Structure formats: structure tokens, C-alpha cells
Amino acid sequence: MAPEQGALWYKNAVIYQVHVRGFYDNNGDGIGDFEGLAQKLDYLRELGIDAIWLMPFFPSPLRDDGYDISDYTSVHPSYGTLEDFKQFLLAAHERSIRVIVEMVLNHTSDQHAWFQESRSSQDNPRRDWYVWSDTDSRYRGTRIIFIDTEMSNWAWDPISKSYYWHRFFSHQPDLNYDNPIVREQMWSVMKFWLELGIDGFRLDAVPYLVEREGTSCENLPETHDIIKELRRRLDREFPGRMLLAEANQWPADLRPYFGDGDEFHMAFHFPLMPRMFMGVKLEDRKPITEILQQTPEIPDSCQWGLFLRNHDELTLEMVTDIERDYMYDSYALSKTMRINLGIRRRLAPLLDNDRRRIELMNGMLMSLPGTPIIYYGDEIGMGDNVNLGDRNGVRTPMQWSGGWNGGFSTADPESLYAPLLLNPVFGFQAINVLSQKRSEHSLLSWMKHLIRLRKSTPAFGSGSIEFLYPANHRVLAYIRKLSNETILVVNNLSSSAQAVELDLRAFKGNILIEMFGKNLFPRIGNNPYLLTMGPYQFFWFRLRQI
Amino acid sequence: MAEESILTDDFIRQLINVGEVDLLVGLPTHNNAKTVETVIKAVQAGLLKCFPRERTAILNVDGGSKDGTPDVVTGASINDLRRVYNIHALRTLPSISTRYASSPSSETSLHTILSAAELLRAKACAVISPESLNIEPEWVVKLLRPVYQDNADFVAPIYRRHKFEGVLVSNVVYPMTRALYGQRIREPYASEFGFSGRFGSLFLTQHSWRHEPGQFGTELEMTLNAITGGYKVSQAFLGTKSRSEHHPDDLVAAMRQTVGVLFSSLEPNFATWSAVDGSKPISTVGPEYEVTLDPLRVNRKRLKDMFSAGVGELESVLRSILSQSTFEALQQIAALDEETCRYPAELWAKTVYEFAASYHKSVISRDHIVQALVPLYRGRMFTFLVENRTASAEQIENGIEFLCREFERLRPYLLEVWNGGK
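Chains as they are written, first to last, in the working numbering: chain A, -3 to 542; chain B, -18 to 403.
Calculated from the structure, these hints are not laboratory results.
Keep in mind it's a predicted model, so treat the numbers as computed, not measured.
There are no misleading hints in this set.
Some chain A residues flagged as far from chain B (calculated, every beta-carbon gap over 10 Å): (1) Q35; (2) W128; (3) K157; (4) W183; (5) D231; (6) T311; (7) R351; (8) G385; (9) R434; (10) S452.
Pair by pair, the computed Cβ-Cβ distance ranges are: (11) R102/B to Q289/A: 25 to 33 Å; (12) A495/A to E382/B: 50 to 58 Å; (13) R102/B to P524/A: 21 to 29 Å; (14) R352/A to N67/B: 31 to 39 Å.
A short, non-exhaustive set of chain A residues, derived as facing chain B with CB atoms under 10 Å: (15) K282; (16) E319; (17) H469.
Yeah, the Cβ is synthetic: ideal placement off N, Cα and C, and Gly gets one too.
When you get a sec, could you build the whole thing from the sequences and use the hints?
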């Protein structure tokens, strides 16, 4: 049974992103599995999260960390069985934790049986399941996403002697969504998991489903038609389930993915994330307020997905050249930290392991409009290993304790799917769950507190936002409001103490109650409300008319 | 009772909001609403284009404008720059404005800018005139970059001027500064200049600030202070300087702000200038000098008449200031007609030096000494205009160079009259 909540549960949820491979290894083979993940559900419940987003766990040759799926209706044997998944799902639901499954609709692995059949001959019934061409000159207006590795969106297939279309790696051929049989097949895949009881999908790479000559082959109307049809079927057959879009686009281009509330329930706000890092580095609210001013209104039933870090690089596609250069110089001075148009680093190392900045960033994540998504390990401040290839440096095993393999696995260290961090700052002996559980001042304990406060009011998840623009541009302040609940959030983005005067006359007569300590602050009068703030400090105030 | 601060509480609040900056641009104004928008846009564009990552701010210090000048400054949005200059700002560029209580005073403006620069811990600052109609975004960059990136402490501008503009500078201020302090600064008294935070702070504490209306030549004092303090001085060629309106020449006031300041600098800096030998060029970004040669009507006859009349009317005063031989030489050329009257470079240099020595000795009221130089300067100006009526840019430059070398050659003469009797 799914947890009881309203249909809009995702609006007030806190989501936790995890790769089953990296969380906990139950069978001692060096790779995390569903049995292990199930054993750690109590940890997640204590953390206070509402939903788990599972990264792809399907059979795959793992040439792109599982985003190259070779079988959509099974579980990769390294992670367990379908039965293990069902048990995990049941256990999660028993703890009121929902499960969101990541699904890659756009492409398959070239090892998928469908592609093997498709390439086998030009007459094969599945030939038309993929996008084939005799030339590599079609769709020339389409950008290449993985610029570090791919020269073209077309790849030559020596077997069927023609080109196939791929927006990502060449071993990931794009499915042909102009083929109604493909569309029907992919709905069947989704239905398979929905019938098992999952609570939603995070749909990968959605802007690229359809190709048309003379376009960028992104965000096409035909793509929206396909999503609308999926949504219509989902609402009809599985009410209360949720679709989350992965579409790395500008807010105005993302807006259509919400439709009239009839496409995605949620979509990641990609451009906001780098600007939060930019704002803190610049000590200036401008990048943040600017992008949120450009963010269009979305239907009431929809929600933005907010995140600080995830399994991918800190993408810098949705920034200007000058902003990208600044981000590289500020957060990835070493070339080894860069990949594609982004930075392959985790939250804590990005912020120099500065607890105050980590707290500030998480405070903004939890209080800006949207549903926060925490990447596994960031709640304890895990580090990364930029020496591992691709983006594997941010996908190392979860650090549970200071013991053998960081408590992740009983296997020989050499057989772990990825080496644990060992350095004195971020290594598992310095950063782990066990030690942080023992201290009420640890980052983990603080994160639990923060999540509790976030969930103490629906204003953060569902309320309106109104920016205050104090003359001190180092301070980012906003009002979150939902019916009678009003929350004032004030963030000092600066490394130095700041004084700020807020125009709160609209709330004259209210008393401020600081939400962390529940202390009273002076009543709002006619004069500007003066606050002094320590470096990177932030306040959440509940306004009360007493 | 505590000394009253020139910074109002409201201004302090604005400074708190701006916080620490890397670069600060000061904009002293008084009724400049017609021109200041162009200026501030160029300043914004220059800062955002060339210093996108630096923390910058623009500070307007207003002397009581009645035309809404401060509102124009604070209302200038950087969002417009995307359209005009194709610039997208990485960070906020605050523009703040303060108004001081007294009447317009360049001294108070500069004092306020320097105080703000120190409070904001600005590493580099520039002062920009609100009347520079043809300002380009690069101006502010050229004034700031030598300080911010090349460790200069003071950056003087060089402008492309008409050959008959800035005659007081080319015939007195530049040659005398160069001869006495050994550094070839073409515009020692400019309304636009750059300086480092550390030099600004030092000048702020060392200078005796007067808060009275008017101009006092403080900018020239700052230049001299940079030279005599051993700070790294450089120059930057900005381009053509044109002002929004014609300013009536008050030669007496101009003389006080330039020659008066130079003369008064000599006593405290005796050890410096008495040891100077020759002069050295200083680091310059861009051309070192440019003139335009457009025809210009100048009433030379009036200058000659005022010179001759002045020599006659001020005979007793001039006799108390000048040596016998110098005064007699002056009398001789003052008696000549317009065609033959010329005030040669050597005599002019000697005249100025004898005035400086008399100023030092206070043979009469120091202000009267400065005022007495005005009719003589008119004679020198007349000569400069006549000699350069058809001159090319190169000829003019050669003429100024010759005058400078005369000032340098006669520097021992200044020491002689400085130390000796009249």
C-alpha cells in the first residue's frame, strides 16, 4: 500500500536521490543491492525524507551507469531480483516513504534486444523502432550534448550499414517515437512498474523524444503530445502517481512541460542550481533573483524540483559564457574537475567543506519554491574523487561508519564497484553516518532538524514567494505565504557579517518567531526592520499576529 | 564635543548596504542632470564589461542639485546595458548617492569619496566628471586598471585637447610640476583620475580638509602628494575631452587652484624638489599627447592690452615680487606693440620662479602674489597663441617641451632666489 497523503503529495515532499548500487551491500559482493537499501530505510525515515528517487537499476551493460538500459522490466542481477525490489517497495511504503523510479524513455542500450533486432536487417519488424538514416546529414541543427566524447549525433552501424540517431553516447540509440508501436511499448513498460506500486517516475532526457528536420530536435510539439498521452493514461489508470521531468532547459522552455497541468507534475529547475552556487561565491543575490524572476508561473498542481547536487555534473549549460567561466574558475580550477559543460563535484567539496556554506545552501534548497531533492551522502557532507572517470567520482559508496569499507560492504575492498574515499578530510573514517549520529551538532543531525522544520509548514512547498529587495545586495530575503501562514526567509550570502534593513511594513504588528530556536524577535513596526547576520547565516521566521 | 562627520547617517547606511568593494567610482555632481545619465551609463558599462567579477560601486556626491541629478544616478539600471552595450552583469552594481550640506565644493566631494573608499576598503578608485559628454566606457577602465592590476597608486588622465585649450596647464602647471618634482605628468590638475585605496587613505588623513564652497585645487594637491610621497604614478590617454557647457574663465580662481597650490607645496617639499635633477617620463597607457587644430577665434589683442595694463598698474606690487632685471625685461616687452610683443620662455620661467620665492618669503600677502601673476600669465598666453597660430601639433608639442626644459634648466635659479634675498 502506498502511503496515505493527498494527490499533491510531491509538493510538500523531501526527496532523496540514491543509486541502489552505492547505498548498502547486503550480500557482500561489493555492490549495493535492494536488500541492502531496504535495511537502510529506517535511516532515511529518521532523516525525514518522504520519497526515494531510485536511479536506473535495470539490466544494463553499464556503459553509462545504468542509463543504457537493456531490459526495462527486470532488475540488474548485481542489485538483486525483481522480488527483492518488491520487498524493498513494500518496506518503504510501510515507513511512509514513496518510491520514484527513474526511467529512460528516449533511448536504450545498443545491447537491448530491440536494437539488436532493429539493426539485424533493414526488413526486421523492429527496424522502425529506432531512428535510422542512409546519411549523417539529417537534423543538422541539433547540438551535441556529450561534447567531450561524441563528434556527431549519428553513428554508423556496420551491421545494417546505415546511421542511427543518438543524442547521448553512441551506444545509446534513440527510440523512434514516431512509431506508435514504440509509444505503446514504452507505456507498457511504465505500466509494469506502476502496477507493482511505485509512486512515480523520473523521466530522463524528455526533450529529445522526437526529431524534426529544420529544428533543434528539442522541446518539439510532438514530444509534448507524447507526454500528454502518457499523463492521460497515468491519471486514468494510476491516480496519485507522479511524473518528474528531467529537461535541462531555460525556465521559459521548461514551462510547456507542465502544460495546463496535464503533462509533468514536476520538473527540475536546472538553471537555478548553478546560480545558487554563483550567488554564494559572488556574495550577491542577483543571479538567484534574476533567474527566479525569469521563471514563469506554473499550474497549481505542478511543482519545481530543486537540487544542489546530483549524480551528474553540476551542469553549466544554462548559464552565459561569462557565468560559466566564473563558475569554472570559482569551483573547478583544476581541469580534472570539469566534464562536458559542467563540474563533477559533490556539494561539500564544492563549498570547501565549509559547514556554514553547506548549511546556507541547504537552507535555500529547503525554502525556495519547489520540492528539495537531496543527493545521497550530501546529508553527511561526503566528498568526491575526481580521479575516477566520467562522473563516477560523485557516485562512490555511501559512508556508513569508520569501519571496514566504511560500513558499506563486507567484501574485499578491491571488489567494491568503486573505491571508497580515503583522504583525511572526506574519507569514510572522517565523514560517516555512525559518527554523525552520535553528535547532535553534526551535519546529519542538523539536516534532520532542517527537514523537520521544512515539513512543519506547507508554505515552503505550496506557498507563494515574494522577494524583498533590501538595499544590501548580499542578502537574499523572501516571504513564503500560504493562507494564514507567513514565513520570512533571510539569507546572508556573504562571508562577512552583514546588517540589513527589511521593509516589512506590510506585516506591521507581527512578531517574528525564529523557527530553529523558536525565539521571539521584536515586533514589526513602521521603521525598516534591522537584522544583523553572521557570515553565511540564514533565518527562517514565522510571522505571528498576536 | 565630538567632531561632526561629513558622512550622514543615511549615507553610512548606504555604505553598509554596499559593503566591501574592489573598485569604486566617484561622481561629484551639481546640477548635472542633463549629462550625468550618459556618464553613468558609460561608467556602468566600463565596470561590467571589464571588471565583471569584481565588487564595484558607483558613488555620487552631490552638492545640492535642484535638477534631480541624484535621482538620475541612482535610477540608472544596469538592465538597460544589455540593449545598448550587450552586457549581462554577473553581479549587482550598486549606485548610491549622498548630498552634503554646504554649497558645491570640490573639496567636500573629494573628502566624501575618499572617506567612502576607505570605509568600503576599495582597492582602486576613479573620480569621473559628470560633464564628460563624450566619455567612453573605456575611460573608467583606463583609470582603474593601472591601479587594480599594475599596482599604480595614482593615474592621471591625458586628453586630446584643442591646441589652445588648457594653456594654464601647458604653460605653468605642467612645466613647473615637471621641473620641480621630476615627473612628466601632462594633466596634474584633472577632474578625472584614478588612485589606489592605500594612497587615498593616506591623503585622507594627511590633508587639511576645508569645507567651504568653491574649488581649492585639491586634485592637484593629490597629484603632488602622490609624486612627493614616492607613490607609483602613471598616465592614461582617455580621448577627446569635451564639456557640456562653457565655463566662464575666472582666471584668478584658476590661478589660486593651480599656481597657488604649486607654490604652497614647495615649502613642505623643499627637500624633494631641491634634490631633483631633470625629469623622467612616466608609464603611460596610450598616446602621451594629442591636440586638435580646428580654427578658433581668440581675442589676442585684449590679452595683450590686459598684460600691458597689468604691468603698469601693478608696478609697485611687481617690484616687490620680482627682481630688478626681470621686472625691467617685463616692462620692455609690455611696451611693445601686438606684432612684436613676445614673452619668451626663459623670462616666463624666471618670472614664475621669482613669484614662487616671494610666495615663500611672503613679501606681501600670499594671495596677492598669486593674483599678481594673472596679468603676466595673460602676456604669456598671448605669446603662446601668437606663436602657435598656424603651428602643427608637432610644433606645439616642441614648443611646450622647450618651455619645460627652460623650467628645468632654471630650477637652480629657483633655489638661488629661494634661499637668497629678493
